[in-house]
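Trainee: Chains A and B, in that order, are what the protein sequence lines are.
Per my numbering, the very first residue in the first sequence carries number 1; after that it's consecutive.
Per my numbering, the very first residue in the second sequence carries number 1; after that it's consecutive.
Be a bit skeptical, because a hint or two may be false.
[As the list claims (entries may be wrong)] Each computed DSS-like pair below joins lysine-lysine, with the alpha-carbon atoms no more than 30 Å apart:
no., chain 1, residue 1, chain 2, residue 2
1, B, 70, B, 46
2, B, 66, A, 116
3, B, 136, B, 37
4, B, 46, A, 130
5, B, 70, A, 150
6, B, 72, A, 127
7, B, 116, A, 150
8, A, 127, B, 128
9, B, 76, A, 160
10, A, 150, B, 66
11, B, 76, B, 46
12, B, 250, A, 130
13, B, 76, A, 127
14, B, 136, A, 160
15, A, 25, B, 116
16, A, 25, A, 53
17, A, 147, B, 162
18, B, 136, B, 173
These aren't lab readings, by the way, just hints derived from the structure by calculation.
Treat the numbers as computed from the prediction; the structure is a model and nothing was measured.
So the chains spell out like this:
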Amino acid sequence: MLRKTKLLFLLFLFLFVYKNVFAKKEYPVPYPPLSPGIFPCMNCHEGLERNKKKRALKEMHQNIKIENHGDRWCYDCHDERNLDRLKLSNGEYVKFQESYRLCGQCHGNVYNDWQKGIHGKRIGNWKGEKQYLLCVHCHDPHSPRFKAMKPEPAPVRPDKATTH
Amino acid sequence: MIDFKEKFVNRRKLIKLFATGVAAALAPFAAKESDAKIDWEEYFQKHFKLMTKEEKEKLVKRLEQKYKEKYKKEFKVKISDAMQNVEFGYALNLSKCIGCRRCVYACVKENNLSRKPQIQYIRVLRMKNGEFDVEKSEHYYEPALVPEPGYFYFPVQCQQCKKAPCVKACPIKATWTEPDGIVVVDYNWCIGCKYCMSACPYFGRRFNRGEPVIPENEINTTVHYLGNRPRPMNVVEKCTFCIQRSREGKYPACLEACPVGARKFGNLLDPEDEIRQVIDNKRVFIFKQDLNTIPRFYYFFHD
């Protein structure tokens, strides 16, 4: 009897510790903005040889150019064995939905602010359910600098406005 | 000796009789009999704050009918009160803003703002880097692409001040601060004197010079009495942090439209809220601090 209670207690203790220490916090994020029809990657890449050489891509993914993102190449972030997932520098694998953890490896301060809601964009409810947009919803991971965009029209000047 | 009381009562009766006569005479000019009745009831409507619950419900029904006849659409007019323990605050990251004016047009659409004459609640000022001079700022900028090098952008809208000069200026108390910090206008009570506009140091209020024109397919039919319901001509209107959205727990429209995530909104009384995270952790400033209006709208620079 006592043994059973002890076991039960240990189990609860383990669950408590696991929940508070080991389990990582998940954030309510929408589906990542992958190009349509591109996922799962392994549909095409299965059996293909991985070319680690830095080069301009010619046959596929011509639109991907690494700009303003240091000295990066595909397998710094994508797992070379299974391209449907990403790889952290410590060898841990993460899904595309959790790509913020990958970005957070270098951009720690921004990741911190993103968790608090200071950096980044959230949509939905200020009170209640909301979605935290992923880093990649706004920043193209291959070329993260913001692109200039066309502004909406300026307001009408009062001298040119007609009342009726 | 003259009986003043009797004379007063008589005069009252006379005025009433006269008014009824005028209404009867004007009735043929109104398109429908129900229109005349609606106008009549609107003319003698009480101040919104002094209304009982029943009167407010009657008012909602009347407005819904009025808008249905005018815009040929079913409207939902809300009169929801402020939530308990909520004070709204807004923060804007000036390092992020690129001056694209997406917020301006999202606001126009959400709040049923007049397209012609044009009314916009948000004005985006363009300033030179290293300078913070409103006098030298430009808000008619129209380059091919934004952001332009050498400039930063400074969007200004109603600052929902704690000591709102506009509220003090109103001679008839048609504008007031709600318990959740939103400064609202009773558009049926406003006489359009524009004193509040002169009092506001932020250009936070706009005047309806003409009959508001809203494209038929862009009318937002989910409206709040104190917020985005179609305004009549000759009243002053203003940003209400999208009261019809924020009182339901939603983010304002301008925030959701921002492509760079520069806008933050939430409850100032909740330490876990993102607005408090900004204020507690970043260096924020308020616009025209020296005027002691104490805005609930904060600006910050942060990458």
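Trainee: Go through the numbered hints given earlier and state which of them the structure violates, listing their numbers in rising order.
Mentor: 2, 3, 4, 5, 6, 8, 9, 10, 15, 16, 17 and 18
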